[in-house]
Amino acid sequence: MHTFRVVLAAGLALFALILLVQVVWGYLSIPELKDVPPAWAPGPKVSVIVAARDEERHLEAAVTSLLALSYPDYEVIVVDDRSSDRTAEILAALRERETRLSVVAISDLPAGWLGKNYALHVGAQRARGELLLFADADVMLRPLALSRAVRLLQIEAADHLTVAPELVMPSSSLALVVNYGFMWGFFWARPWKTRDPRSSASLGIGAFNLVRADAYAEVGGHSRIKLRPDDDLMLGKLLKRSGHKQIVAGGNGELSIEWYRSLGEFARGLRKNAFAALQYSVPLTIGLLAANLALCAWPFAAVFITDGAQRSLYACAVLFQLAAYVRQALAQRAKPRLAVFYPIAALITVVIVLAAVTRTLRRRGVEWRGTFYPLDDLRANRV
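Each residue of the sequence shown is one higher than the last, beginning at 1 in the numbering used here.
Calculated from the structure, these hints are not laboratory results. The model shown is predicted, which means the values in this text are computed figures rather than measured ones. Keep in mind that a hint or two might mislead.
Below, computed lysine-lysine pairings styled on BS3-like, alpha-carbon distance capped at 27 Å [unchecked claim]: (1) 193 - 34; (2) 34 - 335; (3) 34 - 245; (4) 45 - 245; (5) 245 - 193; (6) 226 - 272; (7) 45 - 34; (8) 245 - 226.
Beta-carbon label-pair distances, calculated as ranges [as the list claims (entries may be wrong)]: (9) 42 - 265: 39 to 45 Å; (10) 367 - 291: 25 to 31 Å; (11) 85 - 7: 53 to 59 Å; (12) 99 - 362: 30 to 36 Å; (13) 85 - 125: 21 to 27 Å; (14) 333 - 37: 22 to 28 Å; (15) 125 - 42: 24 to 30 Å; (16) 279 - 8: 25 to 31 Å; (17) 34 - 100: 22 to 28 Å; (18) 100 - 347: 47 to 53 Å; (19) 220 - 375: 19 to 25 Å.
Note that the Cβ used here is the ideal one computed from N, Cα and C, for glycine as well.
Using the sequences and the hints, build the whole thing.
What follows is the structure, given as C-alpha cells:
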C-alpha cells in the first residue's frame, strides 16, 4: 500500500511537471499580435461582423474602436439581435456619424438557431469582404490590431486566425478562477499545435475570429453550428477538421475585453456553455470534476498529512502547478500573486461547473438572454 501511495504521488508530480512544461513552451510558441508589422497595402477587404443583444454597457466604446481601425478597406456590420435595452439607440447614433457602419435588426429568431449564431450568420450573408472578422460586441481593438492580424494571416498563409484578448477582470476572485480555468484550457486545447496539420488541436475565440470568406463558406459557416453555445470553438474545429490552416496569437496590447464584471456574473455565464464544452456528457463531467479535485486540490492537502517521499513528491506537484498558474497569469496580466489561493480556485471551479451542468439537466435545457433552448436540440447539433 505504501508503494502504491508513493507511485500515486509520483504520478501527480509528473503530470504537474508536464503541465508546467506545456504551458511555458506553449506561450513561447505562440506569436504576439503586437510584434507583427501592419499589413501590406493594399490589403484584402475585411468585413467585421458583430452580434449584439442588450450590449449597452460596452457597445458604443467597442464599435467606436472598430470604426477607428487603421486599415484601408473594411466594413463593420453590427446585427442587433432582438435587444430590449439601448442597443438600437446607440447603433442608430453611431450610424449617423459613420457610413462605414451597417446595422441589421433581427426581430424574430428562426426555430433551430441560437440567437448569437443566427445574428453572425445574417451578418456573414451581408458581408462583402474577402476576409470575415467575427468579433464580440464588447471587445476593444487598438487601431493597428486588424492590420497586424491580416499581415499575420498573410505571412502564415493561413485560412483562420484567432486571437486571445487581454482580459480586464475587476475583481480578484474573478481573476483567480478565470486564470485557473484558462491555464487548464490552454493545456488541453494546445493552441500552439493548431498550426500543425497533423495535429487535431483546434481553437476559436469569440473576441477575434478572422477567417477567409471562402473557407467559411466551404465548411457551411454558422449554419453547421446553429445550436452550439460554444460557436467560436466549434467554428475553429470545423475549419481545422476540413483541412484549413489555423493559427492562434496573443492579443495583449492590441485587443482587450471585460469578459465578466464579477465571479457571480462569470458563474451565470457558464450556464450557457459549460455543459456544451463537455459535449453534454455526464461521465465526462464527472471525470473532469474528479480530476480537478485529485490533481489540483488533493496535493495541497497531502503536503500536510503525508510524510517522507510522498510529502516531497506532493510538494513538487504543488510547486509545478503554482509555477504554471503564475506563467498563465503573466500571459493574461491577471494578478500572479493569487497563485497562493490555487486550491480554492479548483474548488470554486468544481462548484460552478457542477451547478451549471445540474441546472441544465434539471431544466432539460439552457435559458440564455430570454430564450430557452431544449437540451435534446442542443445535443443533436454535433460537430
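Do the hints match the structure? See the list:
Between the alpha carbons of residue 193 and residue 34 the distance comes to roughly 21 Å, so the proposed pair stays at or under 27 Å and holds. Our distance criterion of 27 Å between C-alpha atoms is met by residue 34 and residue 335, whose separation comes to about 21 Å. At roughly 21 Å between alpha-carbon atoms, residue 34 and residue 245 fall within 27 Å of each other, so this suggested pair holds. Straight-line distance between C-alpha atoms of residue 45 and residue 245 comes to about 20 Å, which keeps the hinted pair within the 27 Å bound.
Of the pairs offered as hints, the one joining residue 245 and residue 193 holds, with about 11 Å between alpha carbons and a cut-off of 27 Å not exceeded. At roughly 14 Å between alpha-carbon atoms, residue 226 and residue 272 fall within 27 Å of each other, so this suggested pair holds. The straight-line distance between the Cα atoms of residue 45 and residue 34 is roughly 21 Å, inside the 27 Å bound, and the hint therefore holds. Pair hint residue 245 plus residue 226 holds up; C-alpha atoms about 23 Å apart against a cutoff of 27 Å.
Evaluation of the 39 to 45 Å hint for residue 42 and residue 265 yields a pass: the beta carbon distance comes to about 42 Å. Between residue 367 and residue 291 the Cβ separation comes to about 29 Å, which falls inside the hinted range of 25 to 31 Å. Under the hint 53 to 59 Å, the C-beta atoms of residue 85 and residue 7, about 57 Å apart, fit the expected range. Under the hint 30 to 36 Å, the C-beta atoms of residue 99 and residue 362, about 49 Å apart, miss the expected range.
Restraint check, residue 85 to residue 125: a C-beta distance of roughly 25 Å satisfies the suggested window 21 to 27 Å. Our hint of 22 to 28 Å for residue 333 and residue 37 holds, since their Cβ atoms are close to 23 Å apart. A C-beta distance of roughly 25 Å is found between residue 125 and residue 42, which places it inside the suggested range of 24 to 30 Å. For residue 279 paired with residue 8, a C-beta distance near 28 Å keeps the hint of 25 to 31 Å intact.
Roughly 25 Å separates the CB atoms of residue 34 and residue 100, a value that falls within the hinted 22 to 28 Å. At roughly 48 Å, the beta carbons of residue 100 and residue 347 sit within the given window of 47 to 53 Å. One distance hint, 19 to 25 Å for the beta-carbon pair residue 220 and residue 375, holds here, with the actual separation near 23 Å.
Violated hint for the displayed structure: number 12, the only one.
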